[in-house]
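Chains as they are written, first to last, in the working numbering: chain A, 1 to 216; chain B, 1 to 217.
Wrong hints could be hidden among the right ones.
Stated by the list, open to error - Coverage of chain A stretches by chain B, computed from C-beta distances (three or more under 8 Å per stretch; other residues unrestricted): (1) 36-47; (2) 61-71; (3) 80-88; (4) 95-103.
Stated by the list, open to error - In silico SDA-like cross-links for lysine to any residue, where the CA-CA straight-line distance does not exceed 25 Å: (5) A:Lys52 - B:His65; (6) A:Lys13 - B:Leu111; (7) A:Lys13 - B:Asp68; (8) A:Lys52 - B:His11; (9) B:Lys126 - A:Ile65; (10) A:Lys79 - B:Ala58; (11) B:Lys119 - A:Phe25; (12) B:Lys126 - B:Leu107; (13) A:Lys52 - B:Asp25; (14) A:Lys13 - A:Met57; (15) A:Lys79 - A:Ile65; (16) A:Lys52 - B:Met53; (17) A:Lys52 - A:Arg35; (18) A:Lys52 - B:Ser99; (19) A:Lys13 - B:Thr120; (20) B:Lys119 - A:Lys79; (21) A:Lys52 - B:Val27; (22) A:Lys79 - A:Trp101; (23) B:Lys119 - B:Gly139; (24) A:Lys13 - B:Leu109; (25) B:Lys181 - B:Asp68; (26) B:Lys100 - A:Leu93; (27) B:Lys119 - A:Gly64; (28) A:Lys79 - B:His65; (29) A:Lys79 - B:Leu197; (30) A:Lys79 - A:Thr100; (31) A:Lys52 - B:Val51; (32) B:Lys119 - A:Lys13; (33) B:Lys119 - A:Ile59; (34) A:Lys13 - B:Leu50; (35) A:Lys52 - B:Gly114.
I should point out that these hints are in silico values taken from the structure, not numbers from a laboratory. All C-beta atoms, glycine included, are put in the ideal place defined by N, C-alpha and C.
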Amino acid sequence: MSNHEYPGHAIPKSTIVGSYFTLVFLTAIMVGLSRLNVERLGIDWIDLHAIKTCLIMGIALVMGIIVSMFLMGLRYESKLLNLTIFLSNFVFLLIFVLFTWADTSFRGEVDPSFNQKINYTSPVKEEAAGEHGAASHEGAPAQTAPASAGPAQAVQEAAPADVKTVPAAEAAAPAKKDAAPAATKPSAPSAPAAAKPAAPAAAKPAAPAKEAAPAH
Amino acid sequence: MATASTGLPEHHVAHHFDSADQEFDSVKTGMWLFLASEIMMFGALFVGALVFMTLHPAAFREGAHHLDWRMGAINTFFLLTSGLTMGLAVIAAQAGQQSKVRANIILSLVLASGFLVVKTIEYSLKIHHGTLPGRLWHGEGFHDPFVHVFYGFYFVMTGLHGLHVLIGMGLMIFALIRSTKVRFNRGYFTPVEMVALYWALVDLVWVFLFPLLYLIG
């Protein structure tokens, strides 16, 4: 509780300046860490990249705590206010993160059909693609035409635009077999009018696509 | 203190409050509840980004590699330093040093403008390269079909944060005007304190945004 002579708290200048320099120092460490090329260390029995990510986000968390404790003065606030903030924010956020993560990370484990029926058209062109490159995906996990099989195969299919069939989810996240439901929604409007006639063309010659890259 | 005797009127506690202390506490509680709702709003976006990152790590990595960490680092410096100057403005307000309050707020405004200038440069580069979300995408040289989703997150999150910077600057101008109308002292420094709190939230969000978008991946 604040004292009853004056409102609020007088946070000492040294605390503010000290937190500032700590924050700048931590930012420098964070940036330095992110510049570190862990692949060059040649250690492969442990995922150094993941450790680096965790360390960077850990430092960000420490910085966040410093900002809220000292710059925002939660350190000096009443227990009641702190509890309100803590419960309404951080605990709720934690529940939010955990439940969402639990939902999206294990999709398709119980019902595999969850991973199918994806009709995703990405606006991202392949590097070597021509004017109307677009990746369309019919979601059949059987057809795997990775990006490498791209341009040549697209020409062979003689679609008006060089549309490639890419099982987008698998190409993007080989580790995860579940497709991204969040991203699969109608980003389809991105396909311009010119790509429309291409869609059935891409759908039909699914057979050559299979030849090019046998199904797993 | 010397400037305290500039003839500015003292603040009077509103009639529905018992004391300055009670007035300040109720304002601060309200402000914190508002800040909590802000954190929840940004929290939803962070959760979205996190889900996207776990589902498509390759897309996230590719997108993050195309952001310039130097610009992000400069902006972090701008925001942290303006957070310091706002903190110093609160201390000056408590001491009744009216001109010091103004100097610190103006310094914060300059730093915040610097942040927005860097952000504008960044955005114009992204627009030039066509790395825009969804159907607006016309970037070249990318591999992952989901990389445009990363830029969706990038623009929404930094855009919303940029809007907060803009609003924060408006609030700083409000505090600046207030400093010419009423005398701050240990008993009344509410406007400066609340603006500083809001600005600290802008800092807090950026402290997580910067590593998430620019550094990991």
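Going down the list of hints, with the structure as the test:
As drawn, the segment 36-47 of chain A meets chain B at 0 residues by the rule of a beta-carbon pair under 8 Å; below three, the given contact is violated. Under the rule that three or more residues need a Cβ within less than 8 Å of chain B, the assignment of the segment 61-71 of chain A holds, with 5 such residues. Counting residues of the segment 80-88 of chain A whose CB lies closer than 8 Å to any CB of chain B gives 4, so the stated coverage by that chain holds, three being the minimum. Residue count for the segment 95-103 of chain A with a Cβ under 8 Å from a Cβ of chain B: 4. That meets the three needed, and the coverage hint holds.
Between the alpha carbons of Lys52 of chain A and His65 of chain B the distance comes to roughly 15 Å, so the proposed pair stays at or under 25 Å and holds. Under the criterion of a C-alpha separation no larger than 25 Å, the hint pairing Lys13 of chain A with Leu111 of chain B is consistent with the structure, at around 20 Å. The straight-line distance between the Cα atoms of Lys13 of chain A and Asp68 of chain B is roughly 34 Å, outside the 25 Å bound, and the hint therefore fails. Taken as a hint, the Lys52 of chain A and His11 of chain B pair is broken in the structure, with Cα atoms around 52 Å apart against an allowance of 25 Å.
For the given pair, Lys126 of chain B sits about 32 Å from Ile65 of chain A by alpha-carbon distance, which is inconsistent with the 25 Å threshold. At roughly 43 Å between alpha-carbon atoms, Lys79 of chain A and Ala58 of chain B are farther apart than 25 Å, so this suggested pair is violated. A C-alpha spacing of about 23 Å is found between Lys119 of chain B and Phe25 of chain A, which places the hinted pair at or below 25 Å, so the restraint holds. Of the supplied pair hints, the one linking Lys126 of chain B and Leu107 of chain B is violated, its CA atoms being roughly 29 Å apart against a limit of 25 Å.
About 42 Å separates the Cα atoms of Lys52 of chain A and Asp25 of chain B, which puts this hinted pair outside 25 Å; it is violated. Pair hint Lys13 of chain A plus Met57 of chain A does not hold up; C-alpha atoms about 28 Å apart against a cutoff of 25 Å. Between Lys79 of chain A and Ile65 of chain A the alpha-carbon distance is near 16 Å, which keeps this suggested pair within the 25 Å criterion. For the hint pairing Lys52 of chain A with Met53 of chain B, the CA-to-CA distance comes to about 15 Å; that is within 25 Å, so the pair holds.
Among the hinted pairs, Lys52 of chain A with Arg35 of chain A is consistent with the structure: their alpha-carbon atoms are about 10 Å apart, no more than 25 Å. Of the supplied pair hints, the one linking Lys52 of chain A and Ser99 of chain B is violated, its CA atoms being roughly 45 Å apart against a limit of 25 Å. Restraint check for Lys13 of chain A and Thr120 of chain B: the C-alpha separation of about 33 Å exceeds 25 Å, so the hint is violated. A distance of roughly 38 Å separates the Cα atoms of Lys119 of chain B and Lys79 of chain A; the hinted pair therefore is violated under the 25 Å criterion.
The hinted pair formed by Lys52 of chain A and Val27 of chain B fails the criterion: a straight-line CA distance of about 41 Å is larger than 25 Å. A distance of roughly 31 Å separates the Cα atoms of Lys79 of chain A and Trp101 of chain A; the hinted pair therefore is violated under the 25 Å criterion. For the given pair, Lys119 of chain B sits about 19 Å from Gly139 of chain B by alpha-carbon distance, which is consistent with the 25 Å threshold. With a C-alpha separation of about 20 Å, the suggested pairing of Lys13 of chain A with Leu109 of chain B holds against the 25 Å cut-off.
Proximity of Lys181 of chain B to Asp68 of chain B is assessed by CA-CA distance (about 43 Å); at most 25 Å being required, the pair is judged violated. For the hint linking Lys100 of chain B to Leu93 of chain A, the alpha-carbon distance of about 38 Å lies beyond 25 Å, and the restraint is violated. Note on Lys119 of chain B and Gly64 of chain A: the hinted pairing holds, with a Cα-Cα distance of about 22 Å set against a maximum of 25 Å. Taking the CA atoms of Lys79 of chain A and His65 of chain B, the gap is about 43 Å. The hint is violated against a cut of 25 Å.
This hinted pair checks out: Lys79 of chain A and Leu197 of chain B have alpha carbons roughly 18 Å apart, not beyond 25 Å. For the suggested pair Lys79 of chain A and Thr100 of chain A, the alpha carbons sit about 30 Å apart, so the restraint of at most 25 Å is broken. Using a Cα cut-off of 25 Å, the hinted pair Lys52 of chain A and Val51 of chain B holds, with the two alpha carbons roughly 19 Å apart. Note on Lys119 of chain B and Lys13 of chain A: the hinted pairing is violated, with a Cα-Cα distance of about 30 Å set against a maximum of 25 Å.
For the suggested pair Lys119 of chain B and Ile59 of chain A, the alpha carbons sit about 23 Å apart, so the restraint of at most 25 Å is met. Taking the CA atoms of Lys13 of chain A and Leu50 of chain B, the gap is about 37 Å. The hint is violated against a cut of 25 Å. Distance hint between Lys52 of chain A and Gly114 of chain B is unfulfilled; the C-alpha atoms sit about 30 Å from each other, more than 25 Å.
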